[in-house]
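Number of protein chains: 4
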Amino acid sequence: MVEAAQTAAFGDTVMFVSKDRNTYIRVLEPGGQFQTHYGVVRYDDVAGQPYGARLQTHLGKDLWLLTPSTDDLVRHLRRESQIIYPKDLGYILIKLGVRPGATVVEAGTGSGALTLALAMTVGETGHVYSYDRRADMQHIAQANLAAAGLAGQVTWIQRDILDGFDAHNADALFLDLPNPWDYLEQARAALRGGGFFGSIVPTINQVEALTEALYRGPWFMVEIEELLLRGYKTIPQRIRPDEQMVGHTGYLLFARALVEPTSPVASREGKENIVPD
Amino acid sequence: MVEAAQTAAFGDTVMFVSKDRNTYIRVLEPGGQFQTHYGVVRYDDVAGQPYGARLQTHLGKDLWLLTPSTDDLVRHLRRESQIIYPKDLGYILIKLGVRPGATVVEAGTGSGALTLALAMTVGETGHVYSYDRRADMQHIAQANLAAAGLAGQVTWIQRDILDGFDAHNADALFLDLPNPWDYLEQARAALRGGGFFGSIVPTINQVEALTEALYRGPWFMVEIEELLLRGYKTIPQRIRPDEQMVGHTGYLLFARALVEPTSPVASREGKENIVPD
Amino acid sequence: MVEAAQTAAFGDTVMFVSKDRNTYIRVLEPGGQFQTHYGVVRYDDVAGQPYGARLQTHLGKDLWLLTPSTDDLVRHLRRESQIIYPKDLGYILIKLGVRPGATVVEAGTGSGALTLALAMTVGETGHVYSYDRRADMQHIAQANLAAAGLAGQVTWIQRDILDGFDAHNADALFLDLPNPWDYLEQARAALRGGGFFGSIVPTINQVEALTEALYRGPWFMVEIEELLLRGYKTIPQRIRPDEQMVGHTGYLLFARALVEPTSPVASREGKENIVPD
Amino acid sequence: MVEAAQTAAFGDTVMFVSKDRNTYIRVLEPGGQFQTHYGVVRYDDVAGQPYGARLQTHLGKDLWLLTPSTDDLVRHLRRESQIIYPKDLGYILIKLGVRPGATVVEAGTGSGALTLALAMTVGETGHVYSYDRRADMQHIAQANLAAAGLAGQVTWIQRDILDGFDAHNADALFLDLPNPWDYLEQARAALRGGGFFGSIVPTINQVEALTEALYRGPWFMVEIEELLLRGYKTIPQRIRPDEQMVGHTGYLLFARALVEPTSPVASREGKENIVPD
Numbered sequence: 001m002v003e004a005a006q007t008a009a010f011g012d013t014v015m016f017v018s019k020d021r022n023t024y025i026r027v028l029e030p031g032g033q034f035q036t037h038y039g040v041v042r043y044d045d046v047a048g049q050p051y052g053a054r055l056q057t058h059l060g061k062d063l064w065l066l067t068p069s070t071d072d073l074v075r076h077l078r079r080e081s082q083i084i085y086p087k088d089l090g091y092i093l094i095k096l097g098v099r100p101g102a103t104v105v106e107a108g109t110g111s112g113a114l115t116l117a118l119a120m121t122v123g124e125t126g127h128v129y130s131y132d133r134r135a136d137m138q139h140i141a142q143a144n145l146a147a148a149g150l151a152g153q154v155t156w157i158q159r160d161i162l163d164g165f166d167a168h169n170a171d172a173l174f175l176d177l178p179n180p181w182d183y184l185e186q187a188r189a190a191l192r193g194g195g196f197f198g199s200i201v202p203t204i205n206q207v208e209a210l211t212e213a214l215y216r217g218p219w220f221m222v223e224i225e226e227l228l229l230r231g232y233k234t235i236p237q238r239i240r241p242d243e244q245m246v247g248h249t250g251y252l253l254f255a256r257a258l259v260e261p262t263s264p265v266a267s268r269e270g271k272e273n274i275v276p277d
Numbered sequence: 001m002v003e004a005a006q007t008a009a010f011g012d013t014v015m016f017v018s019k020d021r022n023t024y025i026r027v028l029e030p031g032g033q034f035q036t037h038y039g040v041v042r043y044d045d046v047a048g049q050p051y052g053a054r055l056q057t058h059l060g061k062d063l064w065l066l067t068p069s070t071d072d073l074v075r076h077l078r079r080e081s082q083i084i085y086p087k088d089l090g091y092i093l094i095k096l097g098v099r100p101g102a103t104v105v106e107a108g109t110g111s112g113a114l115t116l117a118l119a120m121t122v123g124e125t126g127h128v129y130s131y132d133r134r135a136d137m138q139h140i141a142q143a144n145l146a147a148a149g150l151a152g153q154v155t156w157i158q159r160d161i162l163d164g165f166d167a168h169n170a171d172a173l174f175l176d177l178p179n180p181w182d183y184l185e186q187a188r189a190a191l192r193g194g195g196f197f198g199s200i201v202p203t204i205n206q207v208e209a210l211t212e213a214l215y216r217g218p219w220f221m222v223e224i225e226e227l228l229l230r231g232y233k234t235i236p237q238r239i240r241p242d243e244q245m246v247g248h249t250g251y252l253l254f255a256r257a258l259v260e261p262t263s264p265v266a267s268r269e270g271k272e273n274i275v276p277d
Numbered sequence: 001m002v003e004a005a006q007t008a009a010f011g012d013t014v015m016f017v018s019k020d021r022n023t024y025i026r027v028l029e030p031g032g033q034f035q036t037h038y039g040v041v042r043y044d045d046v047a048g049q050p051y052g053a054r055l056q057t058h059l060g061k062d063l064w065l066l067t068p069s070t071d072d073l074v075r076h077l078r079r080e081s082q083i084i085y086p087k088d089l090g091y092i093l094i095k096l097g098v099r100p101g102a103t104v105v106e107a108g109t110g111s112g113a114l115t116l117a118l119a120m121t122v123g124e125t126g127h128v129y130s131y132d133r134r135a136d137m138q139h140i141a142q143a144n145l146a147a148a149g150l151a152g153q154v155t156w157i158q159r160d161i162l163d164g165f166d167a168h169n170a171d172a173l174f175l176d177l178p179n180p181w182d183y184l185e186q187a188r189a190a191l192r193g194g195g196f197f198g199s200i201v202p203t204i205n206q207v208e209a210l211t212e213a214l215y216r217g218p219w220f221m222v223e224i225e226e227l228l229l230r231g232y233k234t235i236p237q238r239i240r241p242d243e244q245m246v247g248h249t250g251y252l253l254f255a256r257a258l259v260e261p262t263s264p265v266a267s268r269e270g271k272e273n274i275v276p277d
Numbered sequence: 001m002v003e004a005a006q007t008a009a010f011g012d013t014v015m016f017v018s019k020d021r022n023t024y025i026r027v028l029e030p031g032g033q034f035q036t037h038y039g040v041v042r043y044d045d046v047a048g049q050p051y052g053a054r055l056q057t058h059l060g061k062d063l064w065l066l067t068p069s070t071d072d073l074v075r076h077l078r079r080e081s082q083i084i085y086p087k088d089l090g091y092i093l094i095k096l097g098v099r100p101g102a103t104v105v106e107a108g109t110g111s112g113a114l115t116l117a118l119a120m121t122v123g124e125t126g127h128v129y130s131y132d133r134r135a136d137m138q139h140i141a142q143a144n145l146a147a148a149g150l151a152g153q154v155t156w157i158q159r160d161i162l163d164g165f166d167a168h169n170a171d172a173l174f175l176d177l178p179n180p181w182d183y184l185e186q187a188r189a190a191l192r193g194g195g196f197f198g199s200i201v202p203t204i205n206q207v208e209a210l211t212e213a214l215y216r217g218p219w220f221m222v223e224i225e226e227l228l229l230r231g232y233k234t235i236p237q238r239i240r241p242d243e244q245m246v247g248h249t250g251y252l253l254f255a256r257a258l259v260e261p262t263s264p265v266a267s268r269e270g271k272e273n274i275v276p277d
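Chains as they are written, first to last, in our numbering: chain A, 1 to 277; chain B, 1 to 277; chain C, 1 to 277; chain D, 1 to 277.
Among the hints, a few may not be true.
Repeated chains share a single entry, so a pair holds when one copy, or any two copies, can fit it.
In silico SDA-like cross-links for lysine to any residue, where the CA-CA straight-line distance does not exceed 20 Å [said to hold, decoys possible]: (1) Lys19 x Gly217; (2) Lys19 x Glu260; (3) Lys233 x Val246; (4) Lys233 x Gly247; (5) Lys233 x Ala213; (6) Lys233 x Arg216.
No wet-lab data here; the hints were simulated from the structure. Since the structure is predicted, the reported quantities are computational estimates derived from the model, not experimental observations.
Between the sequences and the hints, there should be enough to build the whole structure, so can you do that?
So this is what it looks like as structure tokens:
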């Protein structure tokens, strides 16, 4: 395992951190170097150093050699679009039951933040199928996954998913699209019975439209949730929440695929109406 | 993969869900049965059914046959103590870079919620070492992990961790204890260089004590964070946040293990003082 | 001023507090008594006591004699319906510019929580007009305001406000109704130019409907906001947020009444579309 | 009442608002003018206009003529220091029972945000005593209150409050200082029995220190709370929470002044220990 390595080796994805906690993720290549206003560090000098070590640039500045967390990897993705934040990624994994060996479908690919988290978690025994209409977006995501050493776990498909997915027994499927309600039939066809559906949408108007559509179809256990992450300043004698926080990334919706075509709570009148509460 | 199965088989961990969304997790055993006030379902009739199917009890009540998510598994753990909530579990995995193949240490075991999430994610190529002083607690966690089919990924150790951990090159280590600051030396010894440290504490007094201790030692990139999960009622024409929410589970603290014995921001006076901001 | 009194007098609205912080609000009347499981305190013995004093019941239990805050008064209202919470009341006062001398209209009355906060703030030089269709609800609110000594500041009107308000130059108007969008014309007619409009609704569906209606009419500066109040346990050595908190009371919407009949951002297409951001 | 005026008059504090919702607060003076990049509006043309009217600058740009809310006034204060935010101001008023006629003490003055909210609420029959050591800060606050027409309700005192307050029967007292625990004796001496104490502090270290001090002294009903305000984008077809929000302003602490010198929960051991929960 890369993670278990004690010392940095060529080919490793490493993270350099300055004293003021700026972070830089690079792949160590023979003859290469890391160059910033802190100065230069030659990769030939980095290889063989223990992780956690303090390095010095040619200007005498300190840099620490670390391995990136999944959070670090996601925050450093090259991006052309809004990404799904780490706070949401972890929860999505837990809610969709993603684990080594699972088959997961996502659309659209975007910059590949969720793709990365999925690919890392399903591991070599699982697989991720990532759909996007736009070739340019997928190329960015492909580069991102390759840089993280996870390209092998992903199949990239450029297609309008109105035409359906190739998969038919996926364990989980996630839609990060402006109008997920338009693709629920395709999503159901791609999932195994009982499969996990998830989606993220930024506006309450979309929450309404998707919730309505889920209650009309072969879906059960609809959930709407959102996560707020609060960071703190860590000076020991003056600990306090950050003045500014991310107030909203998106609403998360989840449901399970049923065999029968209708929702157990299809009728909105009468007693069943109160079921989803 | 268990997850990819289309139909329920003996030995599967399944979830029965009633129309009003009560959930029950069981392992299907030949000759067994599921019995509640909804009526009885015989496991011999369940085996072979597709996941996502509607079953009927002998009283004619509907039950849906699903596979549990990680979230479901955690919520149904038999517990003798407060568990780490799914919202925090997912984020911990992301922050500690837990992935298939990783070696992770935790103390204390508690009821095994984090153990379960870790074991599921490290997979068969990784391993979890779980420490607790109390045999009774570990027995509960062991039973919980066995029921989830994850016992093979965990080694259980009953010991006061003041005496140290056995591991020496762990990728990540998590402390869920009242006084994590007392075990930082042992934690450092168990982690590889650059390894990921995490902890959860409920009070601000503990946040202060742990933050101070981390800044004194060979740790870097101290972070304090907390997650708030907001659930919504899902009746399509009356969508609204739940009136009651969990207002606090715990503060999450993270740091990275360094090779040198002191923190880059050890001095609290002068310019370095403002670094952690 | 009642508030400035040093000692309790007959006619005062007082608050008794037990050691475990149970609170009881009563009006001191000659010959009366306060009776709970803590024992009996005779009002004749309370009159003349300084506020902040410790009393003893006939069972020897301690009770503290305090004056209620606005928060205390609201929390102790007799209620038949959901009230607007103190966290929202204070903000509404600030957003509607409510001050001594102001004329404020509200509908519906409900149990009178907002009525109380408004009546207390406009004082003897201002006035509150409170509308409700239901006589039974208004009787509860009237009793609540009378108990707080604020009945003189309020005029009660039982009417369907589809028929309009009597007021024509109100400084502020607040709607706490299921369908506030149906009464915007009446609301505009009751307000002075530039007058402050506010409303509280629990669901996102209502937020959408009201926002749309406000953008169609003579309103400007539409705002949608919500407040989350987090309480903490106060044991000095174990300070922590409460495990349970109120996750939602309602969305607050605000706007200002214009003279011209249309909103400055009536058009949704083109450049103006992005104005409300 | 100024608020009830239908048309703008010289001497009025008015608010000009542009189509893109920039806001400007000015006092109308004969011969004066409002000049921005939107163009010029002469006050002689504004006087006599109805509030809520649309004005036009000499460049033909629209401006709306409104009256400022308390929220608007606070947001436009000239400031040299962090102010207490409107979300907190409203709640402080409710928790301290501030109403027309009340006598309230505050220290330090800062830029006068709380001074303004207090002065507006106590009205002409109440009074605010505002203490600050720094003359320069008080001069800013004085100018701010004068601009809002509230100078008459406030007495300004430049003093180190370690030397005590002049007041002895204040209804409420608020400390906005780095070390409020150092002034609790002085605060108690300034308050009437049962009087309301409040304070705001940004760090958890200060929360701990102040809570400890309150439990040692003649205080009861200690509360620690914080308010989170979430704003929404209001485009009707794309309503969503703002991406960025203020994550922290300060922790609010409240207590009541007792006659006896000790707290009812002075002992931290034994049964009383759990009382404040």
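Do the hints match the structure? See the list:
1. Lys19 x Gly217: between (54 Å within a copy, 15 Å between copies)
2. Lys19 x Glu260: between (58 Å within a copy, 14 Å between copies)
3. Lys233 x Val246: both (15 Å within a copy, 14 Å between copies)
4. Lys233 x Gly247: For Lys233 and Gly247, both the intra-copy (17 Å) and inter-copy (12 Å) Cα distances are at most 20 Å.
5. Lys233 x Ala213: Answer is between; shortest inter-copy Cα gap is 15 Å, intra-copy 42 Å.
6. Lys233 x Arg216: This pair counts as between: shortest inter-copy Cα distance 17 Å, intra-copy 46 Å.
Of the hints listed earlier, there is not a single one the structure fails to meet.
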